[in-house]
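K.L.:
All chains should be modelled from the sequences, with the hints used to inform the complete structure.
2 protein chains.
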Amino acid sequence: MKFPKRGVNELSILSELRSKYCLDAKHDLGEVLGSMTTKPLDVAIRAFEIFWRSNLNDPYTFPGSSIIEREVIEALADLYECNDCSGLITTGGSESNLTALYIIRELGFSTVGVPKSAHFSVFKACKLLKLNIYELDLDKDFRVSIGSVKEALDKGVRAFIFTAGTTELGLIDPIDKLGRVINEYSGLIHVDAAYAGFVIPFLKELGLKVPKVSFSNPAVRSLCVDGHKMGLTPIPNSALILRPPELIKYVEFPARYMPLNIQRGLLGTRTAGSAAALYAVIKYLGIEGFTEVVKYVMGLLKYLIKRLREEDFSVPVEPDVPIVCIEVKDPDKYLKELAKRRLFVYKCSLIKGVRVVIMPHLSRYDLDRFIEALKNVRREVG
Amino acid sequence: MKFPKRGVNELSILSELRSKYCLDAKHDLGEVLGSMTTKPLDVAIRAFEIFWRSNLNDPYTFPGSSIIEREVIEALADLYECNDCSGLITTGGSESNLTALYIIRELGFSTVGVPKSAHFSVFKACKLLKLNIYELDLDKDFRVSIGSVKEALDKGVRAFIFTAGTTELGLIDPIDKLGRVINEYSGLIHVDAAYAGFVIPFLKELGLKVPKVSFSNPAVRSLCVDGHKMGLTPIPNSALILRPPELIKYVEFPARYMPLNIQRGLLGTRTAGSAAALYAVIKYLGIEGFTEVVKYVMGLLKYLIKRLREEDFSVPVEPDVPIVCIEVKDPDKYLKELAKRRLFVYKCSLIKGVRVVIMPHLSRYDLDRFIEALKNVRREVG
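Sequences listed follow chains A and U, in order.
Residue numbers for the first sequence, in our numbering: 467 to 848.
Residue numbers for the second sequence, in our numbering: 467 to 848.
In short, the hints are calculated from the structure, not lab data.
Note that this is a predicted model, so its numbers are computed, not measured.
A portion of the hints provided could be inaccurate.
Each pair may be met inside one copy or between any two copies, as identical chains are not told apart.
[As the list claims (entries may be wrong)] Dumping the calculated SDA-like pairs for lysine to any residue here, alpha-carbon to alpha-carbon at most 25 Å: (1) K715 - S552; (2) K505 - F469; (3) K678 - A541; (4) K596 - T577; (5) K468 - I533; (6) K768 - E540; (7) K505 - E601; (8) K678 - R646; (9) K675 - M467; (10) K593 - G574; (11) K593 - Y568; (12) K806 - I728; (13) K841 - R830; (14) K616 - F589; (15) K468 - S680; (16) K802 - P720; (17) K678 - L604; (18) K818 - Y769; (19) K802 - D832; (20) K675 - D607; (21) K616 - A839; (22) K795 - I771; (23) K802 - I533; (24) K468 - E758; (25) K715 - Y568; (26) K505 - A839; (27) K772 - I837; (28) K593 - L573; (29) K802 - P525.
P.N.:
Dropping the structure here:
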């Protein structure tokens with residue numbers, strides 16, 4: 467559009483925006499099955515609105531916001547068994563991974579060991595930062611290969627990124643085992659738990675056996691987890707936890723005009739609404755509430771896999787967290803046909819298929835509707 | 467805090483958050499005089515809320531959001547006289563500058579000419595990207611020195627960043643003149659108009675003489691402007707405009723699991739609320755409305771400078787846009803004393819002083835109150 471000469475009234479603008487919003491997939495209607503976004507909790511939205519205009523980049527002018535951020539980081543450090551960590555709220559997993567990798571580079575590492583299954587934001591960040599990537603192979607179960615990590619260590623690689631909840635297959639790399647090996651070589655690990663960081667700690671509450679993901683592992687130096695995924699906050703929201711706390715100094719930059727003479731983080735102005743929203747969710751749910759959420763999505767996961775197999779769909783991987791890859795011959799055709807029915811999934815590429823992320827806005831009804839659609843598509847395209 | 471075991475009720479959380487918010491400076495109360503943040507327009511908040519959960523990173527699942535983003539970029543390209551541009555909405559000026567500099571690096575430039583007065587995000591981005599900085603001197607009027615740019619060109623520098631509204635002194639670099647020189651050398655310019663991008667185009671409507679900032683200058687290849695500053699939207703919000711449109715390809719990254727196989731931008735998930743909010747403000751205000759806003763802040767600027775001089779404060783620079791640097795001996799002392807009175811300003815460093823940014827939430831009453839406080843502080847600390 468042209469930049470308008472004259473303004474128009476608010477209601478006509480909002481009504482126009484609503485009509486455009488009709489085109490977007492709706493979480494509420496069970497249409498969003500691939501994107502890791504969801505419907506935020508009401509308490510998170512209310513909290514966000516209180517701090518909307520405060521800038522986390524300026525703790526001098528907005529000290530209340532800064533306290534909230536610190537408390538959130540403390541709570542997450544506690545959840546991940548770190549008693550001496552620092553951290554900051556970022557806009558999302560991509561920024562958190564970029565920040566962690568920047569710190570790794572500034573610590574003097576020039577090469578990072580990255581599993582083939584890592585999120586693309588890791589590959590992108592390495593390109594940005596001119597970090598060399600040592601690509602790590604996967605085992606037959608699609609988790610990073612311990613042998614491959616040992617080879618990397620032999621070749622001098624000392625910094626690694628592992629994933630707790632891989633984007634495509636919902637798997638947790640064997641971080642605990644790897645940490646012990648890497649620690650012997652005085653190496654370090656950044657854990658990308660963007661999706662499953664608010665799932666994994668609560669799985670053990672459900673009595674499920676999962677590989678341990680925490681700072682109890684001495685090689686783990688940073689970990690990120692997204693609020694706007696399973697943390698049920700509005701976008702933007704991610705937390706990056708750092709150990710030792712002094713690592714934060716690497717992302718403190720001189721800013722002569724600012725009251726504290728420094729500025730923290732790779733970006734600038736950040737809404738304090740993000741910190742407030744995550745604070746609210748943590749207080750509102752607590753361990754018990756999060757466990758309920760995780761129980762719900764894990765229940766749906768089990769249901770979906772069972773129903774898919776009953777209908778003779780191939781689900782070759784048993785995921786650790788609620789992400790399902792359904793093997794199909796031509797994923798792009800499936801995406802197109804499903805989108806026509808207003809069901810929006812993503813793809814898996816390690817195994818050729820379509821992929822569903824089970825977020826808390828979904829229900830058994832939504833999954834049944836999806837399976838029916840999938841059967842129809844199979845009939846049409848094979 | 468510890469990660470709580472049990473959740474607590476919504477109202478007690480919100481009431482606790484509100485009490486923390488009391489510590490933050492309030493735009494409404496005229497307390498925020500340094501931060502470039504302001505109170506967003508109501509229509510922007512309503513628009514944001516409609517698109518809150520849609521992800522601009524996924525135009526397949528959220529096509530309505532994608533249309534809104536495209537329309538905003540088109541409108542801004544139109545405002546800045548570009549008839550063949552592309553662009554994207556980012557989280558703020560820091561990300562926009564980082565993105566522009568990344569594209570510059572990928573185009574093959576290894577050194578960027580940066581004026582001493584550039585925003586620190588530019589220096590930070592160069593460090594991140596391992597770009598060499600050729601620091602450009604300032605003229606006696608604190609704008610980038612044309613002689614220094616010519617010297618840089620002689621030494622082989624071909625990529626430059628200039629500022630339209632410097633953060634410390636509110637000055638516009640002579641981009642038009644510089645563009646002609648740089649164009650002769652087939653160089654390029656990124657314009658950082660983060661703060662004043664929604665001020666400068668409307669100054670000429672007020673009959674004020676300002677240096678031309680637009681894509682009519684053939685050397686200008688990118689320009690960024692922040693919605694969450696003078697664009698009156700909630701945080702996060704910045705627009706990056708690129709010419710030729712194909713430049714956007716440099717920030718399209720492979721993402722095998724996403725429906726379109728690519729992902730755009732240096733970060734990942736982005737709320738479509740940002741695009742919707744900026745769309746709403748552009749439609750709501752139009753050129754006429756923005757001109758009124760700019761008339762209002764420029765009026766306050768004139769008033770503040772006049773009143774300061776009447777009270778024998780030194781205002782050594784005549785700003786182009788509403789940022790005032792008041793020379794004082796010990797800026798940190800002033801900041802501290804003013805903060806005690808709940809007046810939060812920033813500093814200038816090129817000239818030692820305290821600095822006020824006039825945003826639309828301020829009034830003559832707020833400025834009078836500020837001047838009275840400033841006089842009291844002067845009496846106390848000299």
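K.L.:
For the identical chains here, do K596 and T577 meet the 25 Å Cα criterion within one copy, between copies, both, or neither?
P.N.:
both (9 Å within a copy, 15 Å between copies)
K.L.:
If the cutoff is 25 Å on CA atoms, where do K802 and D832 land: within, between, both or neither? Let me know, please.
P.N.:
Within. Shortest intra-copy distance 18 Å satisfies the 25 Å Cα cut-off; inter-copy 57 Å does not.
K.L.:
Is the C-alpha distance from K616 to F589 at most 25 Å within one copy, between copies, in both cases, or in neither?
P.N.:
Only inside one copy: K616 and F589 sit 21 Å apart there, 38 Å across copies, limit 25 Å.
K.L.:
One pair to classify: K818 and Y769, alpha carbons no more than 25 Å apart. Within, between, both, or neither?
P.N.:
within (22 Å within a copy, 66 Å between copies)
K.L.:
If the cutoff is 25 Å on CA atoms, where do K675 and D607 land: within, between, both or neither? Let me know, please.
P.N.:
within (16 Å within a copy, 67 Å between copies)
K.L.:
How would you label the pair K768, E540 (within, between, both, or neither) given a Cα cut-off of 25 Å?
P.N.:
Neither, since 33 Å and 46 Å both go past 25 Å.
K.L.:
At most 25 Å between alpha carbons: which applies to K802 and P525, within, between, both or neither?
P.N.:
between (47 Å within a copy, 14 Å between copies)
K.L.:
Since the copies are identical, ignore which copy is meant and state whether K593 and G574 lie within 25 Å (CA to CA) inside a copy, between copies, both or neither.
P.N.:
both (17 Å within a copy, 14 Å between copies)
K.L.:
For K806 vs I728, is the C-alpha pair at or below 25 Å within one copy, between two copies, both, or neither?
P.N.:
Classified as between; 21 Å across copies, 51 Å inside a copy.
K.L.:
Regarding K678 and R646, is the shortest C-alpha distance of 25 Å or less found within a copy, between copies, in both, or in neither?
P.N.:
within (12 Å within a copy, 61 Å between copies)
K.L.:
At most 25 Å between C-alpha atoms: does K772 with I837 qualify within a copy, between copies, both, or neither?
P.N.:
Answer is within; shortest intra-copy Cα gap is 11 Å, inter-copy 71 Å.
K.L.:
Is it within, between, both, or neither for K715 and S552, if the alpha carbons may be no more than 25 Å apart?
P.N.:
within (10 Å within a copy, 36 Å between copies)
When the structure is compared with the earlier hints, violations turn up for hints 6, 7, 9, 21 and for no others.
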